[in-house]
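Hey, can you piece these two chains together into the complex? The hints should help.
Chain order of the listed sequences is A and B. For what it's worth, our numbering labels the leading residue of the first sequence as 1, then goes sequentially. For what it's worth, our numbering labels the leading residue of the second sequence as 1, then goes sequentially.
Quick caveat, the hints were computed from the structure, so don't treat them as lab data. All of these numbers come straight from a predicted model, not from anything done at the bench. Glycine included, each C-beta is placed from N, C-alpha and C at the ideal position.
Here are the simulated DSBU-like pairs of lysine-lysine, each with C-alpha atoms no more than 35 Å apart in a straight line:
#: 1; chain 1: A; residue 1: 100; chain 2: B; residue 2: 64
#: 2; chain 1: B; residue 1: 41; chain 2: A; residue 2: 57
#: 3; chain 1: B; residue 1: 66; chain 2: A; residue 2: 3
#: 4; chain 1: B; residue 1: 55; chain 2: A; residue 2: 3
#: 5; chain 1: B; residue 1: 20; chain 2: A; residue 2: 100
#: 6; chain 1: B; residue 1: 64; chain 2: A; residue 2: 3
#: 7; chain 1: A; residue 1: 100; chain 2: A; residue 2: 57
#: 8; chain 1: A; residue 1: 71; chain 2: A; residue 2: 17
#: 9; chain 1: B; residue 1: 41; chain 2: A; residue 2: 63
#: 10; chain 1: B; residue 1: 41; chain 2: A; residue 2: 71
#: 11; chain 1: B; residue 1: 55; chain 2: B; residue 2: 14
#: 12; chain 1: A; residue 1: 17; chain 2: B; residue 2: 41
#: 13; chain 1: B; residue 1: 14; chain 2: A; residue 2: 100
#: 14; chain 1: B; residue 1: 41; chain 2: B; residue 2: 20
#: 15; chain 1: B; residue 1: 41; chain 2: A; residue 2: 59
#: 16; chain 1: A; residue 1: 63; chain 2: A; residue 2: 17
#: 17; chain 1: B; residue 1: 41; chain 2: A; residue 2: 100
#: 18; chain 1: A; residue 1: 3; chain 2: B; residue 2: 41
Partial selection, computed: residues in chain A whose CB lies under 10 Å from chain B:
#: 19; residue: 41
#: 20; residue: 46
#: 21; residue: 49
#: 22; residue: 104
#: 23; residue: 105
Some chain A residues close to chain B (C-beta under 7 Å, calculated; not the full set):
#: 24; residue: 42
#: 25; residue: 43
#: 26; residue: 103
Each chain, letter by letter, is given below.
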Amino acid sequence: SQKIEQNSEALNIQEGKTATLTCNYTNYSPAYLQWYRQDPGRGPVFLLLIRENEKEKRKERLKVTFDTTLKQSLFHITASQPADSATYLCALDDTGTASKLTFGTGTRLQVTL
Amino acid sequence: GAVVSQHPSRVICKSGTSVKIECRSLDFQATTMFWYRQFPKQSLMLMATSNEGSKATYEQGVEKDKFLINHASLTLSTLTVTSAHPEDSSFYICSARDSLAGVGETQYFGPGTRLLVL
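Okay, chain B solo, but in the shape it has when bound (with noise of 0.2 Å):
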């Protein structure tokens, strides 16, 4: 099946330091990536979705100046977390589309990354 990786996995860092996380499709393209993040025992929410060579598109309550999205490529989405703080600590999971697959196809997700800001 189609996989997603994402780097680091685990990240510690002061506040105030800005933070890069890495998604990448590793076996197929991906025009439309989507950062989500997840509280403890809470639900996934869509922060905002990467499409490739334009803008991101972000949801109600994310404040894209702190959450920086660049999509160069198709095969690689990046998030930098800029100026963290500790309410920033989370686990970000990106995913990812084919960008050949049918309207309906699911999204392949990578395994996450915890970050914990100190």
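Next comes chain A alone, as it looks inside the complex (with noise of 0.2 Å):
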């Protein structure tokens, strides 16, 4: 069946430092991957989007990466600060057309102090 994985696990780091989070799937062959950060009570914003011939990505502190072989994307955020606290979640599309976004329940960050 087809999966979705983020790590449900809250992630707690502190500021400064670089947040990683994992985006893993089987049984998709997605043309775009997308990463959108959640705020409690609030819809989605998107942050990036990357395509499948494409390894990287980046726009400002943020960084992502999609390994077709292995199946995964990485989300990274450099010099985490206590705004950028909130859950990000990582979306496939495996139509060719990035319409029909499917979730992934998302991971929750938390940056202190």
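So, in structure tokens, the structure goes:
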């Protein structure tokens, strides 16, 4: 069966460190993989999209890698700040249109001073 | 960036009543909008794809007669939960794709609507 797995345990890190979140998937062949941020009681906010032929994508303090052999994406936040505390969701599309997204359950990140 | 709004943000209703939730794309046109549902500590689950001017496409297990979707214009989709029951209490989130965006461009999500059925 198809699965998208994110670490359900909260990730606690100290301010200034790099946070690394993992997204593993099985029985998908995604053309695109996306990362979203979701704050409590709010809708997801788009962060980054990476295509299957891209190994890495960066945006300011964010970096995403996409390994289609390992079926894994890593999401890094460098120089983390308390304001980065939120739940981070990965989402896959294997229809080739980035339209029909399937979401992982998300990983809660808590950045402390 | 593109903005999607939802109304209401929160609604409490009695069991058996119907509730309508609106989703609007404020600064772009969206031929396709999506409706998701999210239970506490769970992932977003796609309920249906709303297509402007045509019938919505529902995901497996979602009752189309219970969750009525209307996409009457390029900027508005509505979800009506008919004869709501306590088990329908959830966080409903819509998203929209810019019609002019290329393939692979992302969806923009609304802020969500919290529904509580008593």
